[in-house]
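**Student:** What follows is each chain in one-letter form.
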Amino acid sequence: MRPIDDSPIVRDGKVLILAMDHGLEHGPVDFEPVPETIDPSTVFDVGTHDAVTAMAVQKGVAEAYYPSYEDDVNLLMKLNGTSNLWMGEPDSAVNCSVDYAVEECGADALGFTLYGGSNNEIEMAEEFRKAQEDARKHDVPMVMWSYPRGQGLKNDRDPETIAYAARQALELGADVAKVKYPGSPENMEWAVDAAGKVKVVMSGGSKTDDYAFLKQVEGCIAAGGKGLAVGRNVWQRENPREILDALEAVIYEGASAEEALDR
Amino acid sequence: MRPIDDSPIVRDGKVLILAMDHGLEHGPVDFEPVPETIDPSTVFDVGTHDAVTAMAVQKGVAEAYYPSYEDDVNLLMKLNGTSNLWMGEPDSAVNCSVDYAVEECGADALGFTLYGGSNNEIEMAEEFRKAQEDARKHDVPMVMWSYPRGQGLKNDRDPETIAYAARQALELGADVAKVKYPGSPENMEWAVDAAGKVKVVMSGGSKTDDYAFLKQVEGCIAAGGKGLAVGRNVWQRENPREILDALEAVIYEGASAEEALDR
Amino acid sequence: MRPIDDSPIVRDGKVLILAMDHGLEHGPVDFEPVPETIDPSTVFDVGTHDAVTAMAVQKGVAEAYYPSYEDDVNLLMKLNGTSNLWMGEPDSAVNCSVDYAVEECGADALGFTLYGGSNNEIEMAEEFRKAQEDARKHDVPMVMWSYPRGQGLKNDRDPETIAYAARQALELGADVAKVKYPGSPENMEWAVDAAGKVKVVMSGGSKTDDYAFLKQVEGCIAAGGKGLAVGRNVWQRENPREILDALEAVIYEGASAEEALDR
Amino acid sequence: MRPIDDSPIVRDGKVLILAMDHGLEHGPVDFEPVPETIDPSTVFDVGTHDAVTAMAVQKGVAEAYYPSYEDDVNLLMKLNGTSNLWMGEPDSAVNCSVDYAVEECGADALGFTLYGGSNNEIEMAEEFRKAQEDARKHDVPMVMWSYPRGQGLKNDRDPETIAYAARQALELGADVAKVKYPGSPENMEWAVDAAGKVKVVMSGGSKTDDYAFLKQVEGCIAAGGKGLAVGRNVWQRENPREILDALEAVIYEGASAEEALDR
Amino acid sequence: MRPIDDSPIVRDGKVLILAMDHGLEHGPVDFEPVPETIDPSTVFDVGTHDAVTAMAVQKGVAEAYYPSYEDDVNLLMKLNGTSNLWMGEPDSAVNCSVDYAVEECGADALGFTLYGGSNNEIEMAEEFRKAQEDARKHDVPMVMWSYPRGQGLKNDRDPETIAYAARQALELGADVAKVKYPGSPENMEWAVDAAGKVKVVMSGGSKTDDYAFLKQVEGCIAAGGKGLAVGRNVWQRENPREILDALEAVIYEGASAEEALDR
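Chains as they are written, first to last, in this note's numbering: chain A, 1 to 263; chain B, 1 to 263; chain C, 1 to 263; chain D, 1 to 263; chain E, 1 to 263.
Simulated from the structure, these hints should not be mistaken for lab results.
Remember, identical chains collapse to one label, so a pair may be satisfied in a single copy or spanning two.
Once the Cα atoms are required to be at most 16 Å apart in a straight line, the calculated EDC-like pairs of lysine to aspartate or glutamate come out as: (1) Lys-137 / Asp-99; (2) Lys-197 / Glu-36; (3) Lys-154 / Glu-89; (4) Lys-207 / Glu-32; (5) Lys-197 / Asp-6; (6) Lys-130 / Glu-104; (7) Lys-180 / Asp-158; (8) Lys-197 / Asp-39; (9) Lys-215 / Glu-248; (10) Lys-137 / Glu-103; (11) Lys-130 / Asp-99; (12) Lys-207 / Asp-30; (13) Lys-215 / Asp-262; (14) Lys-14 / Glu-253; (15) Lys-180 / Asp-156; (16) Lys-215 / Glu-186.
Bear in mind the structure is a predicted one, so any value in this text is a computation, not a measurement.
Next comes chain A alone, as it looks inside the complex (with noise of 0.2 Å):
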């Protein structure tokens, strides 16, 4: 970890990641509650929005849509990703090297995930630890998917799992740890503790109401976490601006879920 403070993916501290690697991980079902989606440029337009503060793609995303966005959208490179679409112990291909990613693709900032737990744990930490370095080389921050999941895990959002998750990240030198929101805001603050300097963040996950969305995030923040990963939640709706709107209030100024929805 070192200081991001600075780097164009924070403001005021926080951390508003707008993510769009479904169409690898989950394939194009993801976009079907709002078709429209499967354009990634509907997606690039929706990250515009003032509140977030980077994109995070793959790299074939980012070549052939990011140069329409790149004085509007920051780009946070996914390095690594799978489809679902085989089965076996978790575990995720590199699909982009740090140079390509910061030299051809002008990222801002890079994303990585691990999935601690999992029988390929110790070749994701080898293939994060270069990862990490060349990131170092380049000065651009490195965001950790922290996902626990695999044979030796029953639970991935027992509290001690995510806290344990958010470790993992300082332990092993990223700047933002992405985690799944383990319930409550006290749970929250185990895993913020867990982090120390790295700032946490939870993911977004499957699209809920607003409401229960807003409340998650309102938790997180009070917890000390640094904001908020989402996909979905987002741009699963209608009107994703609207809770961009909401989720800004939040994030950046403190106010409650209700206040948010209120405005």
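The hints should help you fit chains B, C, D and E onto chain A, whose structure is shown.
**Tutor:** Relative to chain A, chains B, C, D and E alone:
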């Protein structure tokens, strides 16, 4: 994906790849219907037809035969491939480096198979990463043979699977996605949408009669597909130039299957 | 092994490493006995005690916290490590390159775990080889956490096993061998003899009472051991500086456990 | 495949490779029929016969014996090979780098085994890729020992399998394909056709009587084969030069087996 | 194999390697018969005997002890080795690079174990390839510990197996082959013949009485063997210099076992 409309393998925004790597993938049995096709020259001769924008072959065939055709044929070097002599989860050997393909063999484009859904998907995706980034250095288009298969898949012709395959090509950074035809123009349209700016072409598959074949291609084009990558459905015919004449009409001139056959 | 008596991590021929990689190896549960230890700063503060010759941490913790302590603490970068979330034969991910540890983080020494007896011993030994030879280029001491474990081992505290572990450190080229205390000064002496010129230090293990712990350390020193690498037995105490005062007496001044506690 | 008719291992478009890697592949038991053949010099002496265009040996034999024969024998360095002491899916260790073979040992040609159909085919093909491209840098011909075998194959002498093996050599970029004789000139012709411009030579196999052996070679040549790679059928005879005289007649002069024996 | 008669590890065409890597391969239990041998200095002292042409040790022992003996002892760095703590198919970790051994430690020769017949034979042979070619760059002799073992072998003392092991050393490019003594001079002669120009030395094995041991060495020399690589049969004796005096007579002066013992 990068703009490739000005590349030699594109004609009026469309692509027609004549593939002849069957000697490696299927063995010499594929040449039995038209015995002289066992001689690669006969297929290269077919490849000089104006409808064909590139010939796809393995390295050894390019080394031995392409020097006689380099003025008349564009070379698409297939970078990986394997025999069907062995058994096991789908995989493909990387048989040619990008540098060798471009600098020594004069490749105008590159091809790479990804078996999404295979237990070897991770490894293949990482091999693709290197090939794709090397291709960018040479500014040469990359075509992905995106063929989900393996123990994780029940039905590799399922429309959602084909759309997923097309999306993988976009997310991972291909310029052209070669997918199986998913049975109807509506299904093909899903794949085309999922691939975004990436050009989707259908694979020719095993030999069918002229009308059925051209009708599929017509459906592909109507759905926004950008063409075809075909082998047996051309060179397993007694008169391959005739079917190429018809394909030319359907792909580049927007003719229907019936119109193309009536000419 | 090379002479390291003049290196910063040695004081009067002895070594006292304060280890804090438990957040990675065991998870945040290890911080529960003294909750503020979840903040690495509190442990770094402890590490400024004169008795401590080096702090052992993972790369991410070094990046985030060491800059504030570099005048007061010597850094021992632990190069490999993993979580206990997964199951399987003992193994450890290489999380930091030697170049990065020394050039970017300012490491004064390096640490590497070898699980002799694991089915992964071969792979770990080969990773150690590279790390050790890289360490030589930088003239930085290498400490081996030599911990036999795995399906091949019935009893990892067997005196012969501990002596074997110490010998592995010598044969493979470590400068300091960290081993489990084998239960008696006589057994420790075997390990010390087996390690030859390599300094053997005992690992602190899980928290015990002051007298029992200091008596072990006294036994270690009496047997020719050169010190201690300890974590929980220091920072899981309410007043870690008190036990460090006592350890200082036992390790550097030859005091008995009783004398050290009476001061 | 590149034109190799001007290379030292070709005489009048034909090739006769005298192989002696049996000490590695089969063990010293192969030398028992003619005990002095255990001394490589005796076989190198045979290799000075004009009919022989190259000797195929492993690196160590080349280092030790070739310096005495470099004026009289062309060296074909076999790059991979293994013992028959172990069990498992067919595989072969890469025992020599191309640079070492050419620059240090003076190799005029290179040889590489591919076990198509083995579960290790992918790995072997990728090792071949590197060797082949390195060979091109040195402009040295590459001979593939194309031997389908492994759990995927019921019958490695099946004519279709042999033709497939020959085609693999073409597709992957060999200059010469060494295959088992598929039982008849008609079958051999299929293999020759499948290999296209690549020269196909038959392997000598285990020792048979003069007439049967020469008849096979006659059939091979009649089918368009370009020669022979032979070991035991030459140096397991009491007078190996006699059979080489006969082979010279059959291969280079178009004699029948009967004519060759009558001379 | 290259000519090594002028190298420092050869005396009058013969070789006597004193090996002391037992602390790694077998553990400290091997030092119990003569407890002071746990200190490597005591064995290095033995190694100064004129009969010894090189000491074989692992990297760490060389780093720590060889600087005191470099004027009196020739260093043979054993490049691979492993503990007997784990179970599984025979394998050996590469613990030292050739560059480090030669440039940093001053090695006069190198040693490498190959377990022919192990499922890991392929991997070990490929590691040997790199080591051997690197050794050539430094013009340093390579000794192969050629020890067939693994699930493919019923009897690793079978004369044919030993002869095969000796041949592997020749084929793969070693300069000296260390093999088990195959039970009789006739059997040893087969191994010597199979190795061709490569010098074959017998391994000392576990401790036996003086006469039996010397008789074996006499048989080895009579069969054309070039010496011995010995550990326990020297330094597990109370007076190791006495047996070295006798070995000197048998190996370099052609004495019989009886003559050597009568001196």
